[in-house]
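K.L.:
Working from the sequences, and respecting the hints, build out all of it.
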Amino acid sequence: MIVIIDYGMGNLKSVENAFTKVGYKTVITDDLNQIKKASALVLPGVGAFRDAIKSLGAKKIDKELSEAIRREGKPFLGICLGMQLLFAFSEEGGLFKGLNIIPGRVKRFSSLVKCPHLGWNKIKFTHNLNYNMNPIFRDILDESYFYFVHSYYCEADNQKIIYSTTDYGSAFPSSIWKDNLFGVQFHPEKSSTSGLKILKNFGELSKC
Amino acid sequence: MLIIPAIDIKEGRCVRLTEGQFEDVEIFSDDPLMVAVKWANKGAMILHVVDLDGARYGKLTNISLLEQIIKKVNIPVQTGGGIRNYQEVKNLINLGASRVILGTILWKDKSLAKRLFRDFSEKVIAGIDAREGYVAIEGWQNITSVDALDFAKEMERLGARRIIYTDIKRDGTLEGPNITNIEKMVKNVNIPLICSGGITSLDDIKKLKRLEGLGLEGIIIGKALYKGNILLEEALKLVVSE
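Same order as they appear, the protein sequences are chains W and H. Residues 255 to 462 (our numbering) make up the first sequence, in order. Residues 459 to 700 (our numbering) make up the second sequence, in order.
Treat each hint with caution, since some may be false.
Claimed, not checked - Computed list of lysine to aspartate or glutamate pairs in EDC-like fashion (alpha-carbon distance at most 16 Å, straight line): (1) W:Lys313 - W:Glu346; (2) H:Lys581 - H:Glu546; (3) W:Lys361 - W:Glu346; (4) W:Lys351 - W:Asp305; (5) W:Lys275 - H:Glu580; (6) H:Lys496 - H:Glu641; (7) W:Lys376 - H:Glu580; (8) W:Lys275 - H:Asp661; (9) W:Lys290 - W:Glu346; (10) H:Lys566 - H:Asp605; (11) H:Lys627 - H:Glu590; (12) W:Lys267 - H:Glu641.
Just so you know, the hints here were simulated from the structure itself, not pulled from any lab data.
P.N.:
See below:
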């Protein structure tokens, strides 16, 4: 069962409906037992980093997530803020500690571009064809368009985890991948067919 | 989230209708160009310009005025009303329209709709106007028996990148938006949605802002801006994200 983690931030219903559309049942919950039992985890998110990390801490979900991702190797998908939360720090509204699962930080776009970065934009894969294929991007073409809404972006210390970049003023990571951990800065649940394909691919991992 | 001022043009003037009735017209300015400049100067990030004569008669009518607006303001302009074929969409994009809103044409010719979405991608928007939950076409004069939500899903399947959902019964009424219907729509489509119809107060905007995370990208405001119920500056302040 795919669990969508409910921590009071966001786009849960749209994510759930999108999974339903591609044939996967999900449970929206903040219950630690259910999170423990999940075969895959999704951390959506819209809103402020500070509030999000506070809420994850208050519900003790933060520790459980680190455990599930690092030790148990459970498939995990972070969407938008849900991906940013995985990093060590965020500069949004001050300097705040994140889940610290990925070394790096979350930064604001330069003042030269309009914020938020809102709309459809294309992703460019960073890998060459010999590279091991990211399973959730199976059947997704390079330069596909996805839907973005965000003012902050991730800066990863380890460039190898960046699976695609997107240009907005300069190139930023639009998706990351390390083993069982997947992060997308765009909203697959609002990205039409390509987005749904990604959710479907992720759903397949939950069956393994 | 985007606050999108609407400029509806009828016979060269900036007007507002009530519930889409062409008889129920209120004139707000004889100079739509000045109105466009005003909204842009107040900080609007995008404008929504509708050719009401075009929508009514199925033929672009106020095109030179539209061109002047596009040339004059340095913000994106989305436009619609009376666009009934491929070439017209192309012409409007070449003219500088950032996005072209289509309605009737999508309803009438699904294979053309598919081709338009494919060729122009997010340069076209599926405009879904609903009365009592059913799709209205041809300048809202005809109500079909097609459910608006089903139609939205169909548009998404055909490749639409964005939807504008208008509740005709609320449009121009200053009665507040039908939040239940907007929420239902935004939850059930997998592309961004812009809503319009009935937005009257800052409180309405606050309520709609809660749907942002579900995929509500913007709010079109018409009469409330012209009547002064909402000040654009205040509305913009409400939606600015950190």
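K.L.:
Need the status of pair W:Lys290, W:Glu346: alpha-carbon distance at most 16 Å?
P.N.:
With Cα atoms ~30 Å apart, W:Lys290 and W:Glu346 exceed 16 Å; violated.
K.L.:
Please work out if W:Lys351 and W:Asp305 have their alpha carbons no farther apart than 16 Å.
P.N.:
holds (12 Å)
K.L.:
So if I understand the rule, the pair passes when the alpha-carbon distance is 16 Å or less; does W:Lys275 with H:Glu580 pass?
P.N.:
violated (23 Å)
K.L.:
Decide if the proposed pair is consistent with the structure: H:Lys581 and H:Glu546, CA atoms, cutoff 16 Å inclusive.
P.N.:
holds (13 Å)
K.L.:
Do the alpha carbons of W:Lys376 and H:Glu580 lie within 16 Å of each other, as the hint requires?
P.N.:
Holds, at about 12 Å.
K.L.:
Has the given pair, H:Lys627 with H:Glu590, been kept, meaning a C-alpha gap of at most 16 Å?
P.N.:
holds (7 Å)
K.L.:
Within 16 Å, alpha carbon to alpha carbon, are W:Lys313 and W:Glu346?
P.N.:
Judged against 16 Å, a Cα distance of about 21 Å means the pair is violated.
K.L.:
Are the Cα positions of H:Lys566 and H:Asp605 separated by 16 Å at most?
P.N.:
holds (15 Å)
K.L.:
Given the proposed pairing of W:Lys361 with W:Glu346, does the C-alpha separation stay at or below 16 Å?
P.N.:
holds (7 Å)
K.L.:
Please work out if W:Lys267 and H:Glu641 have their alpha carbons no farther apart than 16 Å.
P.N.:
Status holds; Cα separation ~10 Å.
K.L.:
Taking 16 Å as the top limit, are the C-alpha atoms of H:Lys496 and H:Glu641 close enough?
P.N.:
violated (31 Å)
K.L.:
Against the 16 Å threshold, does the CA-CA distance of W:Lys275 and H:Asp661 hold or violate the hint?
P.N.:
Not satisfied, since the Cα-Cα distance of roughly 33 Å exceeds 16 Å.
Hint compliance for this structure: hints 1, 5, 6, 8 and 9 are broken, all remaining hints hold.
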